[in-house]
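Peer 1: Residues per chain, in single letters:
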Amino acid sequence: MSKIAPITVNVDEALALDKYEVDEANAHIEVDLEGDLEEFLKLVRVCPAALYKIDEEGNRSFDYAGCLECGTCRIACGDTIIKKWENPQPTMGVEYRFG
Amino acid sequence: MAELPERDFEVIVIGSGCAGAVAAYVAASAGKSVLVIERGNFAGAKNMTGGRIYSHSLKKVFPDFEQEAPLERKITHERIAMLNSDSEMTIDFTSPVLAEEGKDSYSVLRGPFDQWLAEKAESAGAEYIYGIAVEELLKDESGAVIGVRAGEDEISANVVILAEGCNPILSEKCLGNPRPKASQMAVGIKQVFELPASTIEDRFLCPEGEGAAMLFVGDCTHGSVGGGFLYTNKESISLGLVATISIAEDGSRNEVPVYQMLEDFKNHPAVAPIIRGGKLVEHSGHMVPEGGYNMVPQYVFDGCLVAGETAGLCMNMGYQVRGMDFAVASGQFAGEAAVAALDAGDTSAAGLASYKQKMEGSFVMKDLQTFSKWPHVMEEWDSMFNDYPTMVAEIFNAMFSVDGQPQQPLMKRMMPIVKKRGLFKLGGEVRKAVKAL
Ligand SMILES: Cc1cc2nc3c(=O)[nH]c(=O)nc-3n(C[C@H](O)[C@H](O)[C@H](O)COP(=O)(O)OP(=O)(O)OC[C@H]3O[C@@H](n4cnc5c(N)ncnc54)[C@H](O)[C@@H]3O)c2cc1C
Ligand code: SF4
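Protein sequences, first through last, are from chains A and B. Heads up: the first sequence begins at 1318 in the numbering used here, then just goes up one per residue. Heads up: the second sequence begins at 1283 in the numbering used here, then just goes up one per residue.
Keep in mind the hints are simulated off the structure, nothing from the lab. Careful, some of the hints might be misleading.
Here are the simulated distance ranges between beta carbons [what the hints assert, rightly or not]:
(1) A/Gly1395 - B/Arg1485: 40 to 50 Å
(2) A/Asn1327 - B/Pro1287: 30 to 40 Å
(3) B/Pro1352 - A/Tyr1337: 15 to 25 Å
(4) B/Ala1635 - A/Glu1330: 50 to 60 Å
(5) A/Gly1395 - B/Glu1418: 13 to 23 Å
(6) A/Asn1327 - B/Gln1689: 42 to 52 Å
(7) B/Asp1346 - A/Glu1355: 48 to 58 Å
(8) A/Glu1355 - B/Thr1652: 34 to 44 Å
(9) A/Ile1324 - B/Arg1485: 22 to 32 Å
(10) A/Asn1327 - B/Gly1559: 14 to 24 Å
Quick reminder that beta carbons are idealized off the backbone N, C-alpha and C, glycines included.
Okay, chain A solo, but in the shape it has when bound:
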């Protein structure tokens, strides 16, 4: 298994400053959490919102709620473990004030 460097930052605190309209009913991105581990580790490294997580026991998780809609996970793993990547439903998702 390839490695992930130690994480000292809590990105959730930074995301809490962003404005979101979270679509509780519909996940606009779906990932196969049982898929190839190396593919998942790619997502851990490239998602700028730190939404793909793996803990010390190797448990994987993904939470679409903080998504910045950048599309990076689609480019990295759109052919492998990203099962769905759509724009959020009307009026939903992130809303930048500065950008």
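Given the structure of chain A, go ahead and fit chain B with the ligands onto it with the hints provided.
Peer 2: For chain B with the ligands alone, coordinates are given in the frame of chain A:
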């Protein structure tokens, strides 16, 4: 004149970023009926840039943009910094040439900036629908694009201008263009810090209203291909990183998640003092196409033109990022080509071909072509990101530090440092890079 079929609109524009809003403005100003569909609840809501816009192409469409547009600061200081893990060497360049009309550039924030562009399009007569994404391009039996579907609604048009940005979902799904590869795209991550205007001016030694652009190479991405950027806004600083996805994702070349790279970058002794006391107000992420000329897809179709980053128009040169000036110019050309095709009554690919001529005849395709080898050189050029910043640190440490021991002559101190890397390898790499520029 040939008769065009009756449609809901003459032009539908998908996406109100730099390319889409300008295309809509140009077509609406020529009296065409235009509908813009933007997935954000307002223009700019989903957009992020570094960023600084080179104004030359904006000036052509909006001659009074300096008075009208929500510009942050005129960029009159260019800084390039080479970072080692704990050292930094910065070049700070300023010159009146940077401020000359036609060569001037401005920092912008896309929230306010894109809303201004959209207002221009709306006041020229374009209609807007916000808060809904187009899901499909509608086609007739011959495969020509004849409209769009968004949710339950199908809306028809004679020409569709697709300006959906760097994540080209519709271009792939409905026009058959390839998905950009991970080696052709970078992930960008950015934070905005609020600071008083006077503090910014003091920290960057700038006159009031003017500002600095700063690019960082070296340890900011811990050795993967990429770099840091910093732009001064009126009362905030935009600070971020860009890293090529194929390298950042690859555990054999990089173990540090991009958000941790940003954290380390912010804590670097050369960066922390710049944002000291700044209040973090936004965290954002966005991709940057960096495949250059070789990733430009087909961009003229029957009934449809592709503009801006959806057409791969962006250059990441390491010392310079350009995408917005390309987006504005391509939006203008797409708008003009749509108008010409509508006037001539032929919106087939042949009727819309003036778009291609304008793109190829202008800086847009010429610059992409001139620098087409650069992305490849950057990718191969690990030294730029690892060896050189370290070498620079060693050279300056040898030059500036005095410890009371009897000193060697300067040359004697320098040569071992340079020799360690191989003078020929260094010379060869620099030559290759300069050739690609
Ligand atoms: C970190 C970073 C730094 C950068 N720095 C610079 C810089 O300093 N200078 C520079 O010139 N460029 C820079 N760029 C590049 C620049 O931001 C882009 O090239 C430019 O924004 C592209 O404009 P566009 O109109 O093609 O796309 P965008 O501005 O992305 O606009 C696309 C629009 O389409 C909308 N949209 C997408 N899909 C749909 C859909 N299905 N339905 C409806 N609407 C849709 C989006 O919401 C968006 O408003 C940078 C980019 C990044 C990420
Ligand atoms: S789109 Fe971007 S922010 Fe959202 S999950 Fe994918 S990589 Fe993360």
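Peer 1: Could you run down the list of hints and mark each one as holding or not?
Peer 2: Hints, verified against the model:
no.	hint	result
1	A/Gly1395 - B/Arg1485: 40 to 50 Å	holds (41 Å)
2	A/Asn1327 - B/Pro1287: 30 to 40 Å	violated (56 Å)
3	B/Pro1352 - A/Tyr1337: 15 to 25 Å	holds (24 Å)
4	B/Ala1635 - A/Glu1330: 50 to 60 Å	holds (52 Å)
5	A/Gly1395 - B/Glu1418: 13 to 23 Å	holds (18 Å)
6	A/Asn1327 - B/Gln1689: 42 to 52 Å	holds (48 Å)
7	B/Asp1346 - A/Glu1355: 48 to 58 Å	holds (54 Å)
8	A/Glu1355 - B/Thr1652: 34 to 44 Å	holds (38 Å)
9	A/Ile1324 - B/Arg1485: 22 to 32 Å	holds (29 Å)
10	A/Asn1327 - B/Gly1559: 14 to 24 Å	holds (21 Å)
Comparing the model with each earlier hint shows a violation of hint 2 alone; every other hint is respected.
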